[in-house]
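Protein chains in written order, with our numbering: chain A, 1 to 263; chain B, 1 to 263; chain C, 1 to 263.
Please keep in mind that the hints were generated in silico from the structure rather than gathered at the bench. Check the hints yourself; a few may be wrong.
When the alpha-carbon atoms are kept at most 30 Å apart in a straight line, the in silico DSS-like pairs for lysine-lysine are as follows [to be verified]:
(1) B/K54 <-> A/K166
(2) B/K233 <-> C/K255
(3) A/K233 <-> B/K54
(4) A/K233 <-> B/K255
(5) A/K14 <-> C/K166
(6) C/K158 <-> C/K259
(7) C/K79 <-> B/K107
Here's a subset of chain A near chain B, in silico, CB distances under 7 Å, partners left out [to be verified]:
(8) V24
(9) T65
(10) T67
(11) S252
(12) V254
A virtual CB, placed ideally from N, CA and C, is assigned to each residue, including glycine.
In case you want the letters, here they are:
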Amino acid sequence: MDAFDILEKVRLEKPVVHHLTNWVTIYDCANIVKVFGASPVMAHAKEEVADMAKIASGLVLNIGTLTVDFIDSMIAAAKSANEKGIPVVLDVCGAGATKLRDDMSFKILNSVKIDVIKGNASEVARIAGEQVATKGVDSSDVEKDLIEIAKKLSGERKCCIVITGKEDIVYGNGKGYLISNGCDMMGNVVGTGCMATSVIGAFVSVWDDIVDACAGALVCYEVAAEIANETSKGPGSFKNNLFDSAFLLGRSDVKKRIKIKSL
Amino acid sequence: MDAFDILEKVRLEKPVVHHLTNWVTIYDCANIVKVFGASPVMAHAKEEVADMAKIASGLVLNIGTLTVDFIDSMIAAAKSANEKGIPVVLDVCGAGATKLRDDMSFKILNSVKIDVIKGNASEVARIAGEQVATKGVDSSDVEKDLIEIAKKLSGERKCCIVITGKEDIVYGNGKGYLISNGCDMMGNVVGTGCMATSVIGAFVSVWDDIVDACAGALVCYEVAAEIANETSKGPGSFKNNLFDSAFLLGRSDVKKRIKIKSL
Amino acid sequence: MDAFDILEKVRLEKPVVHHLTNWVTIYDCANIVKVFGASPVMAHAKEEVADMAKIASGLVLNIGTLTVDFIDSMIAAAKSANEKGIPVVLDVCGAGATKLRDDMSFKILNSVKIDVIKGNASEVARIAGEQVATKGVDSSDVEKDLIEIAKKLSGERKCCIVITGKEDIVYGNGKGYLISNGCDMMGNVVGTGCMATSVIGAFVSVWDDIVDACAGALVCYEVAAEIANETSKGPGSFKNNLFDSAFLLGRSDVKKRIKIKSL
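Chain A extracted, bound-state conformation (with noise of 0.2 Å):
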């Protein structure tokens, strides 16, 4: 797997990801993509996103700030990129914390063929059916293997898991990374795990292998974060920067500091 040449497949193809995301990060979901090289295109009314998906070289969910009638424009919209044959991703933030999340998810799941679920560890955990405690969207502790529950959600569900967290699991079709990139600060931040969803939606947009895309995507996304997080005063400058270092990641800057394992 090596994460620079799919990030140079994004830069030069320039894939159409579409979004239907929260009203929190849409902004930075868009922006990270774009510097990334990708061009994001964000629109969820329900008689367009058909349309829009079929434009598109990939589709990014979210539901960040989920409301009944954006799930079921979440479902025309998946349906339509199912048709197509363009990757799906689901980012299932906030699983856990309400019913709603939990059904809506489900219900998503149950309805369209969905490429990579991710979340972190209580999201996923969740969606595995394991009983745990969400606070709020932020990552939480999780006592489970986390490493089993990817490994057996994938195979329930046929998709690839990627649970984010200090080291981030990437799991699918029997392989999988253990990917130890990335900085403290990026905790700091609102909008660093909505990103990360972003920049993978935009990886397997151009690339076959959705496994390696996925670990590629993180790699490069955690590098630039490193990068930022070196001339950071704060999260204001780190969030800055991130945008400035994502843009200028080079060959090199991955290839120094990659961290990841095959499980």
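On the provided structure of chain A, position chains B and C as indicated by the hints.
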């Protein structure tokens, strides 16, 4: 009132602060709460707001981009917060600008218990039944004696009143503060008022004396703004620096700069 | 046409610029208007848009994340603006990408008087009835002679046409400008197009000659972008610097850098 003691408690307890806020500054509301050490959660679906309020320690309502449905969700969330006994902060953003804003502000105030009403001079004056003209959502000079308005409204609504401006008035439970921190640059950036409300939401989430918590929130936030301003070239770098300085704010910063007097 | 004279009037009069815009760049639209000295207000509830337009000096409509209900609110706001006689600017963001966007753009144009239609080449070409393919919301090369399209559409719709790109075309009332300011970095950041529209909204709010106001807005905004770019490392620092340079923009900056010619 030791403002920094309250901030330390926020950083220690990391309270979940549930928001139903506007779509313009929603990111900044979440991020300022995050960098001050609390855990923001934004959720507005009528099916989940009551559940989300139940796992929160405080609720922030901001009518900046209100719709009638959204106000119904706010009321459902606030009822749940009232039942649980957690504080509810209402930013009457833009009150006085349209009949809808006035009507909906009063609908909220007459439907649920609000612990803090916050706005600029003309907004709060309008809620107090004084005739003033609002020019959009910016503050305007109001001739009425604002402290008297705060006292009267506090008595009538049995809550804490926060009026922000060059000097901020905090009044409730028969006591009050006048705060003179902050800087002119805050008036050149969209969202500084909304962020103040969200910081208040974080502070009242961990502190029983709600008047002290409101005053402490404004002191910490505005001292952070003063520090940010010292290294800013304009409103862009200022807002960025504000997230840094809020994150890094230390006891000595507050001690050195605090400008507060009792009313 | 003295671009800086118009900016000075914006700074002096601080016009309220009412927006119904998209959820991606709504903050940036508000903030760029603010840092240029005007007073943005964002309000979309169908019950208040007419009232809000009545206290504004200009109205900006941007269909970036349209829904059918939202378009109804836009039309209600624009009718109110038409009655009051204040200018209405329409950004046909993403026109050509889906049938809904085309239908809704024409619905607006056929329901109310629009004073400025603004988009990139492919968006405006679509509104002019030319067949072009849009790849998401990014600009694309269009073979048609854009100046001819602007002239024709201006005559048909009796309004000013603004087509942004490497060179910007402004045409209306039988006269026009070609503007060559700006920098490539603008294309690497989400929201630069939307912000341009909002700045146009601020400038037309204070200036009778709407073609001059549109051209002046683009000149000032793009000169600010050039200045921002000179001290930027990438798109993150660029956007931040842009808010600073727009706020600090001086007459000599504009005089030194302006690149405009009459059509």
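Cross-check of the supplied hints:
1. B/K54 <-> A/K166: Measuring from Cα to Cα gives roughly 28 Å; hence the hint holds.
2. B/K233 <-> C/K255: Answer holds: B/K233 to C/K255 is near 22 Å, not above 30 Å.
3. A/K233 <-> B/K54: Since the Cα atoms of A/K233 and B/K54 sit roughly 35 Å apart, the hinted pair is violated (cutoff 30 Å).
4. A/K233 <-> B/K255: Within the cut-off at roughly 22 Å; holds.
5. A/K14 <-> C/K166: Holds - the C-alpha atoms of C/K166 and A/K14 are around 19 Å apart, at most 30 Å.
6. C/K158 <-> C/K259: Holds, at about 27 Å.
7. C/K79 <-> B/K107: holds (28 Å)
8. V24: Cβ of A/V24 sits 5 Å from chain B, so the hint holds.
9. T65: holds (6 Å)
10. T67: Constraint on A/T67 satisfied, holds at 4 Å.
11. S252: violated (28 Å)
12. V254: Since chain B brings no Cβ nearer than about 27 Å to A/V254, farther than 7 Å, the hint is violated.
Hints 3, 11 and 12 from the earlier list are contradicted by this structure; the remaining hints agree with it.
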